[in-house]
Amino acid sequence: MNSVPAGIDIGTGCPVSGGRVPLYGPEFNENPARVYERLREQGQLAQVELAPGVPATLVVGYEAALEVLRNPGDFPRDGRRWAATVPEDCPVLPVMSYRPNCLMTDGAEHARLRGVITESVARVDPNKVRAHVDATADMLINQFAHRGSADLLTEYAVALPLWVFTFLHGCPRDVGERMVTGMRDIVDMRDPEQANERLTTALLELIALKRREPAQDMASWMIEHPAQLTDEEILHQLFLMLGAGTEPEANLIANALRLLLSDYRFAGYVAGGSMRIEDALDEVLWTDPPVANLSASYPVQDVMVAGTRLPADQPVVISYAAANTDPGFGVEHRSGNRAHLAWGAGPHACPVQGQARMVASIAIEKLLDRLPDLSLAVPVEDLPWRESPFLRALSGLPVTFTPVRPVETAPPTAPLPVVPGEQKLVAPLPTAVRKRWVHTIIRWWRGQ
Numbered sequence: 000m001n002s003v004p005a006g007i008d009i010g011t012g013c014p015v016s017g018g019r020v021p022l023y024g025p026e027f028n029e030n031p032a033r034v035y036e037r038l039r040e041q042g043q044l045a046q047v048e049l050a051p052g053v054p055a056t057l058v059v060g061y062e063a064a065l066e067v068l069r070n071p072g073d074f075p076r077d078g079r080r081w082a083a084t085v086p087e088d089c090p091v092l093p094v095m096s097y098r099p100n101c102l103m104t105d106g107a108e109h110a111r112l113r114g115v116i117t118e119s120v121a122r123v124d125p126n127k128v129r130a131h132v133d134a135t136a137d138m139l140i141n142q143f144a145h146r147g148s149a150d151l152l153t154e155y156a157v158a159l160p161l162w163v164f165t166f167l168h169g170c171p172r173d174v175g176e177r178m179v180t181g182m183r184d185i186v187d188m189r190d191p192e193q194a195n196e197r198l199t200t201a202l203l204e205l206i207a208l209k210r211r212e213p214a215q216d217m218a219s220w221m222i223e224h225p226a227q228l229t230d231e232e233i234l235h236q237l238f239l240m241l242g243a244g245t246e247p248e249a250n251l252i253a254n255a256l257r258l259l260l261s262d263y264r265f266a267g268y269v270a271g272g273s274m275r276i277e278d279a280l281d282e283v284l285w286t287d288p289p290v291a292n293l294s295a296s297y298p299v300q301d302v303m304v305a306g307t308r309l310p311a312d313q314p315v316v317i318s319y320a321a322a323n324t325d326p327g328f329g330v331e332h333r334s335g336n337r338a339h340l341a342w343g344a345g346p347h348a349c350p351v352q353g354q355a356r357m358v359a360s361i362a363i364e365k366l367l368d369r370l371p372d373l374s375l376a377v378p379v380e381d382l383p384w385r386e387s388p389f390l391r392a393l394s395g396l397p398v399t400f401t402p403v404r405p406v407e408t409a410p411p412t413a414p415l416p417v418v419p420g421e422q423k424l425v426a427p428l429p430t431a432v433r434k435r436w437v438h439t440i441i442r443w444w445r446g447q
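Mapping of the sequence shown onto numbering that gives the first Met the number 0: residues 0 to 447, in sequence order.
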C-alpha cells in the first residue's frame, strides 16, 4: 500500500471539478446524504474541507473504509505533525488533535491503554446497569410526563447517558454536568478552547476524588489497574470514554426515536404496540449513524488506497455515514444485519458497542411503553440539526403525548441526587494545580 507512481494524487489535483467540498454550511447541515452522493463521484475517497482552510481526505467507500481502519501501520492515529501546521484557533482541532488515549495511539501503547478500559468495563455488572438505566428512564420521564409535551433530546436522550456515565464512574452530578456541556461545546466548535478548559478541570476533580475515596466504579478501577496509569493518562482515557459514551449514545437514542415516530415502516408498529426497536436501531446505525465522520488518521508518507495517492500528514477521515450507504456495498436488508461500520472496525473498534446498544434499547422501550401515543410536535423535516462535520445530531426533538401520572420507582443506583438542583460538591482543585494541568492539556491540543 505504500506510495507507487500511479493513480490520482489527491494532494495536488481534484479528480472532479469544483475543488474541495465543505463539510459545513447550510447544504451539508440540511442534507449530508446529498453531499455524500456528490462526493462519490470522486470515487471511494474524496477531497473535503472540515472547516475553512482545513483540507482532508474523506473515505466514502465501504471497502476503502475497512482497508484504512484495519491498517494502523499505514494510517496511524497520532496527528501531532498535522496539528502543528494549522492555526491554534482551528475549530476542529480539539476533536482531532492528539491525546494519549487508546483511540489516538497504536501498537503496544494502544494495547496498554485499551486494556485498562476493557478490563475495567469487564468488571461492570450488566444487571446493575440495566436496573440503573430502567430506573433512570422512569425518573426522567416522571419529570415531564404530566405536561403532555417535552423536548426528548435535552430532557431524555442527553440526560440519560449522562446518568449512566456518572453511575459507571461514581461521578457527582455537578462534575458530570460540566463534563458533558464541555464536550458538547467542543464537538459543536463553540469557543472550543474554553470548553476544553472546563472539561479538563471537571475530569481532574473526578480523578482527585477517586484518588482520595476509591469505590466500586470504573474510574477507581482504572486508577487501581496494574498498568499504573498516571493522572494524565487517566484524564485522557476518561475524556475518550465521556466523548464516546454520552454524545454518540444521546444521538443514537434521539435518531432512533425520530425514525420510529416519523418513518412509515416503523410508525404503525409503534402506534399498534408492536415496537420494532431493534430494527430501528439497525436502520439508524446503517443510514444515520450518530458519529458521521471521524476516526482521523495521518499517514506519515504518501500512501495508495483504491487507486488514489494520499499525501503524508493530511487527515484521512472515515465517513461512517457515507461508507454504510455505499451503493457498491449492496446491502438491501439492513434489519438484523450488523456489518455496518457505525462502531468502527479493526483494532480501534468500539469495545462497548453491546452495552451502548442495550442502553439505547431500554431507553426507547421504556419511553414508548410509558407514553404510547407519543408523536412529533413538528413535521420531521422541520426538526433542527446541530452544525458539526463529525456528528449527525439533532438539536431538538419536540414531542406531544397524552399526559400521564408519574410512576413510583426506585431512584437510580448512583452517587447522584434525584432531586433536581441538589448537588454533591467536590472540593475544587487548587488554582496552581488546575492551571498547570489545563496548560498541559492545551499544549497537547495544539500539538506542542
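Worth double-checking, as some hints may not be accurate.
[Said to hold, decoys possible] Taking lysine to aspartate or glutamate and the EDC-like style, the derived pairs with C-alpha atoms no more than 16 Å apart in a straight line are:
| id | residue 1 | residue 2 |
| --- | --- | --- |
| 1 | LYS365 | ASP216 |
| 2 | LYS365 | ASP262 |
| 3 | LYS365 | ASP301 |
| 4 | LYS365 | ASP137 |
| 5 | LYS127 | GLU277 |
| 6 | LYS127 | ASP216 |
Hints in this document: simulated from the structure, not taken from any laboratory.
Everything numeric in this text was worked out from a predicted model, so none of it was measured.
Restraint status (C-alpha distance of LYS127 to ASP216 at most 16 Å):
holds (12 Å)
Between LYS365 and ASP301, does the CA-CA distance stay at or below 16 Å?
violated (50 Å)
Against the 16 Å threshold, does the CA-CA distance of LYS365 and ASP137 hold or violate the hint?
Holds, because 7 Å separates the two Cα atoms, which is no more than 16 Å.
Are the Cα positions of LYS127 and GLU277 separated by 16 Å at most?
violated (22 Å)
Holds or violated: LYS365 and ASP262, Cα atoms, limit 16 Å.
Violated - the C-alpha atoms of ASP262 and LYS365 are around 20 Å apart, more than 16 Å.
Given the hint that LYS365 pairs with ASP216, does the C-alpha gap stay at or below 16 Å?
violated (25 Å)
In the structure shown, a violation is registered for the earlier hints numbered 1, 2, 3 and 5, in ascending order.
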